[in-house]
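Colleague: In case you want the letters, here they are:
Protein chains: 2
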Amino acid sequence: MTPYEALENSFRDISHLLHVSAVLYWDEATMMPLGGGSARANAMAALAGILHERITAPEIGDLLDQARSSADDLGVWERANLHQMERTWSQNTALPHELVKAIQLAATTCEQTWRACRPSEDWTTVLPKLESLFKLQREVAEYMGEQQGLAPYDALLDSYEEGLRANFVDETFADLKAFLPGFLEKVLERQAQKPPLPLPGPFPLNQQEQLGLKLVQTLGFDFEHGRLDVSHHPFCGGVPDDTRITTRYTEDDFLHALMGSLHETGHALYQQGLPAQWREQPVGEALGMAIHESQSLLMEMQVCRGRSFLNYAAGAVREAFGASADDPVWSGENLHRHYTRVERGYIRVDADEVTYPLHIILRYEIEKQLFSGQLELRDLPDAWDEGMKSLLGLSTAGNLKDGVMQDVHWFGGLFGYFPSYTLGAITAAQLFATARREIDGLSDSIERGDFTPLVGWLRSHVHGQGRLMNADVLVRNVTGEPLTTAAFKSHLQARYLPD
Amino acid sequence: MTPYEALENSFRDISHLLHVSAVLYWDEATMMPLGGGSARANAMAALAGILHERITAPEIGDLLDQARSSADDLGVWERANLHQMERTWSQNTALPHELVKAIQLAATTCEQTWRACRPSEDWTTVLPKLESLFKLQREVAEYMGEQQGLAPYDALLDSYEEGLRANFVDETFADLKAFLPGFLEKVLERQAQKPPLPLPGPFPLNQQEQLGLKLVQTLGFDFEHGRLDVSHHPFCGGVPDDTRITTRYTEDDFLHALMGSLHETGHALYQQGLPAQWREQPVGEALGMAIHESQSLLMEMQVCRGRSFLNYAAGAVREAFGASADDPVWSGENLHRHYTRVERGYIRVDADEVTYPLHIILRYEIEKQLFSGQLELRDLPDAWDEGMKSLLGLSTAGNLKDGVMQDVHWFGGLFGYFPSYTLGAITAAQLFATARREIDGLSDSIERGDFTPLVGWLRSHVHGQGRLMNADVLVRNVTGEPLTTAAFKSHLQARYLPD
Numbered sequence: 009m010t011p012y013e014a015l016e017n018s019f020r021d022i023s024h025l026l027h028v029s030a031v032l033y034w035d036e037a038t039m040m041p042l043g044g045g046s047a048r049a050n051a052m053a054a055l056a057g058i059l060h061e062r063i064t065a066p067e068i069g070d071l072l073d074q075a076r077s078s079a080d081d082l083g084v085w086e087r088a089n090l091h092q093m094e095r096t097w098s099q100n101t102a103l104p105h106e107l108v109k110a111i112q113l114a115a116t117t118c119e120q121t122w123r124a125c126r127p128s129e130d131w132t133t134v135l136p137k138l139e140s141l142f143k144l145q146r147e148v149a150e151y152m153g154e155q156q157g158l159a160p161y162d163a164l165l166d167s168y169e170e171g172l173r174a175n176f177v178d179e180t181f182a183d184l185k186a187f188l189p190g191f192l193e194k195v196l197e198r199q200a201q202k203p204p205l206p207l208p209g210p211f212p213l214n215q216q217e218q219l220g221l222k223l224v225q226t227l228g229f230d231f232e233h234g235r236l237d238v239s240h241h242p243f244c245g246g247v248p249d250d251t252r253i254t255t256r257y258t259e260d261d262f263l264h265a266l267m268g269s270l271h272e273t274g275h276a277l278y279q280q281g282l283p284a285q286w287r288e289q290p291v292g293e294a295l296g297m298a299i300h301e302s303q304s305l306l307m308e309m310q311v312c313r314g315r316s317f318l319n320y321a322a323g324a325v326r327e328a329f330g331a332s333a334d335d336p337v338w339s340g341e342n343l344h345r346h347y348t349r350v351e352r353g354y355i356r357v358d359a360d361e362v363t364y365p366l367h368i369i370l371r372y373e374i375e376k377q378l379f380s381g382q383l384e385l386r387d388l389p390d391a392w393d394e395g396m397k398s399l400l401g402l403s404t405a406g407n408l409k410d411g412v413m414q415d416v417h418w419f420g421g422l423f424g425y426f427p428s429y430t431l432g433a434i435t436a437a438q439l440f441a442t443a444r445r446e447i448d449g450l451s452d453s454i455e456r457g458d459f460t461p462l463v464g465w466l467r468s469h470v471h472g473q474g475r476l477m478n479a480d481v482l483v484r485n486v487t488g489e490p491l492t493t494a495a496f497k498s499h500l501q502a503r504y505l506p507d
Numbered sequence: 009m010t011p012y013e014a015l016e017n018s019f020r021d022i023s024h025l026l027h028v029s030a031v032l033y034w035d036e037a038t039m040m041p042l043g044g045g046s047a048r049a050n051a052m053a054a055l056a057g058i059l060h061e062r063i064t065a066p067e068i069g070d071l072l073d074q075a076r077s078s079a080d081d082l083g084v085w086e087r088a089n090l091h092q093m094e095r096t097w098s099q100n101t102a103l104p105h106e107l108v109k110a111i112q113l114a115a116t117t118c119e120q121t122w123r124a125c126r127p128s129e130d131w132t133t134v135l136p137k138l139e140s141l142f143k144l145q146r147e148v149a150e151y152m153g154e155q156q157g158l159a160p161y162d163a164l165l166d167s168y169e170e171g172l173r174a175n176f177v178d179e180t181f182a183d184l185k186a187f188l189p190g191f192l193e194k195v196l197e198r199q200a201q202k203p204p205l206p207l208p209g210p211f212p213l214n215q216q217e218q219l220g221l222k223l224v225q226t227l228g229f230d231f232e233h234g235r236l237d238v239s240h241h242p243f244c245g246g247v248p249d250d251t252r253i254t255t256r257y258t259e260d261d262f263l264h265a266l267m268g269s270l271h272e273t274g275h276a277l278y279q280q281g282l283p284a285q286w287r288e289q290p291v292g293e294a295l296g297m298a299i300h301e302s303q304s305l306l307m308e309m310q311v312c313r314g315r316s317f318l319n320y321a322a323g324a325v326r327e328a329f330g331a332s333a334d335d336p337v338w339s340g341e342n343l344h345r346h347y348t349r350v351e352r353g354y355i356r357v358d359a360d361e362v363t364y365p366l367h368i369i370l371r372y373e374i375e376k377q378l379f380s381g382q383l384e385l386r387d388l389p390d391a392w393d394e395g396m397k398s399l400l401g402l403s404t405a406g407n408l409k410d411g412v413m414q415d416v417h418w419f420g421g422l423f424g425y426f427p428s429y430t431l432g433a434i435t436a437a438q439l440f441a442t443a444r445r446e447i448d449g450l451s452d453s454i455e456r457g458d459f460t461p462l463v464g465w466l467r468s469h470v471h472g473q474g475r476l477m478n479a480d481v482l483v484r485n486v487t488g489e490p491l492t493t494a495a496f497k498s499h500l501q502a503r504y505l506p507d
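Residue numbers (the working numbering), protein chains in the order written: chain A, 9 to 507; chain B, 9 to 507.
Careful: at least some of the hints might be erroneous.
[As the list claims (entries may be wrong)] Listed next, with one range per pair, are the computed distances between beta-carbon atoms:
(1) B:105 / A:406: 53 to 61 angstroms
(2) B:401 / A:230: 42 to 50 angstroms
(3) A:105 / B:237: 53 to 61 angstroms
Because the hints were derived from the structure by calculation, they are not lab data. Don't be surprised by glycine CBs; every beta carbon is placed ideally from N, CA and C.
So here's chain A without its partners, still in its complex pose (with noise of 0.2 angstroms):
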């Protein structure tokens, strides 16, 4: 065996333990009574260290100094995946043993109690759990930054998304946030012209689960390899051969929870066509978290808020609810308005697509302050508030279940996540262009509700791609071009301000 095999060996069975958290993880956020919490907690942190000790044994480090030696003899696969071992490999042993244990603990325990405080906006409960995660966070990050040369952000950055660096977020942001205040002007003056019908409920929540299964299955999810439940946050988790999303119902309104879940489908497209045969390795694995939103970003905001998918879906909607196809109200042209509606509000998951880089912004710029020791945990809410009402002109003093409460991420120790979403809908963005240029028909499939052209195509440029090239290459090879935020922009003007 040589050693690059041996390590393929060894990953293989990190794989597997990868796989049982995968599944404790989801069950804790769908299952878990309540009193089963810190239990629990202590369940995924003795899973946690052991996955520590598994990645950062001193046998794979020798085994990869061989392997490097005789790196010019591997495929490209092997070679990619042997960057990823390495990659893995020295991020975990930046980190001392017992503080991966540490802050698995704090983070479950932080996000329960969040859970538990968020409906009372208990904010004085939560605050030390919070404050005792983020040190033991801020430690991760100085860890991984020393151990790679990066400031302490941008290692948390890199470990979300391999080169992502905060001066590429920050001129990112800057170009958006010069762009989206006055673009959000002229949207808001237009759609107050045409506001959309109201939709009669309320929704049976059996009849709205049947319609989130149909339409999902339309977009290809393979029930054979996978679930929708409800949890409180909707997420995709599991594994590529069982791969589990969540939404939230509510009886008033089924357009939310019904495009929570096709939004969730988009990340399970990308995790169960990852490449088959590199299933149990890191190169097999997803990309990075702005690649995994821009797989969910493109079906929900560039595909299925479009006329196409809605004018498909609105059969499938007057079904579910019994409702007829002579009233306006349940035309694909009314859930094309309700579905694009923009507006300034407190919420991150419910806002649309215009108003949300500035939800991101405000969250990344919050962050930064916070490792860099401007601003303190406990100032946090004047902070957000600050913050709100210079991006969105909105207040939330007063309301931290609709304001800084209203985020599992900070709760559970994502840290440096954030910027992902924005970035992920740029790269949908220019992702969904090219490929509308390059797949014949496309807008009309959609309309059918064939998803195969274009699931085949993402399949092929990004899917079955795992992690063969990082983001920056995957979206010049596939778009022919570094990514920017023009076709972003082009998007947003061509929905929203169209001549």
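Chain A is already provided as a structure; the job is to place chain B on it using the hints.
Modeller: Same frame as chain A, now just chain B:
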């Protein structure tokens, strides 16, 4: 830190991994989509491998040696804990590491194959998987037997219930085999005079579910620390802080699903009632499978199929299905006739308590023949048919689904487990006879739906004892006598052939 304290730390870590394992198992049986099976089998084998590594770590052996020499300084719980640690250690060190991983993989694979093959009675596909699994299982039994100085089959029995030996099972089963067939004849004759009135369905699943949740809660199940779901084969899994029970519903009958839930609740109450201060230590685990079954069967057979409970439950049943109290079909008396109906049947899990031991004796006799080499797995269908004809007068020739393919146990690698059910049934009878003597007004409280006195008694006498002593000692302590069939036979006599 003393060696004993260091051991507590190690076993606490191990308990966290057992938690992980319990969640994986539950998810596999209730939630996992079919296509996830193969990847899951690998994940579960990896986890089993790690658990085995941890439990057999040389440091643990050293610490056990040191702790043993100062065991006199320990309290009674600590000494019992140390004994359980030693037992776990020697059971695990008996087995080569590769065998542990191989048998976990073979068990998951064989069980998944069984699930897929049972509906179509595809014995040919599942047989080779069962053969591979049995071969490994026999190796396990031989290794364990060698280490403990036991015959291989005794070693398996002992692994499910410390101290249990085939000669005790032989005697007990011989006694039942002498008693039951004649008793059965008389019961069938008597019941032919008074058949139950048919219950008119269908019974919508959500109404059944509501009814189940209500009565499960009445028994004392803590939903803050548990869930009730649906699975192919009802079971109780999870951990004390997060106990998962399952059942399965059909529209044309609610009796089975309901009693299935109540049976599993008996297991769950045991699990949730294990000593809280020993939750993460071996001494805090459930005693063994016969005691576990005694707790489910005490609830199911002694209590929930009895008149007192059914008079109470009839109200909840009528409410669930909107039935009238004046209609004798919906009376407690008619429910009692249904729930005490004795019949010669094919299916163990559907069997009444009179014929149930005969199903177990069939399996026990076959298992012993498999382990002694008198019977080959490929001849199982014939041996099954022979046994059924001789014990129950029914042929299962050409009916594999309701014959040898009906139970998950062998296909999941659980050889030596079946005797637990019948030992559990006679233990339940003996314990409940004691409870009735010791708790004033027990029947009345049950008839009011008040389970506090009974569950409180079980908590202090059984659940809260964890593994402080073995089953034999526990039964003697609580009931004042060794385990015999006497109380079981009296119970059957009183219920089925009263004067």
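Colleague: If a hint holds in the structure, say so; if it does not, say that too.
Modeller: Against the structure, the hints come out as follows:
{"no.": "1", "hint": "B:105 / A:406: 53 to 61 angstroms", "verdict": "59 angstroms, holds"}
{"no.": "2", "hint": "B:401 / A:230: 42 to 50 angstroms", "verdict": "48 angstroms, holds"}
{"no.": "3", "hint": "A:105 / B:237: 53 to 61 angstroms", "verdict": "36 angstroms, violated"}
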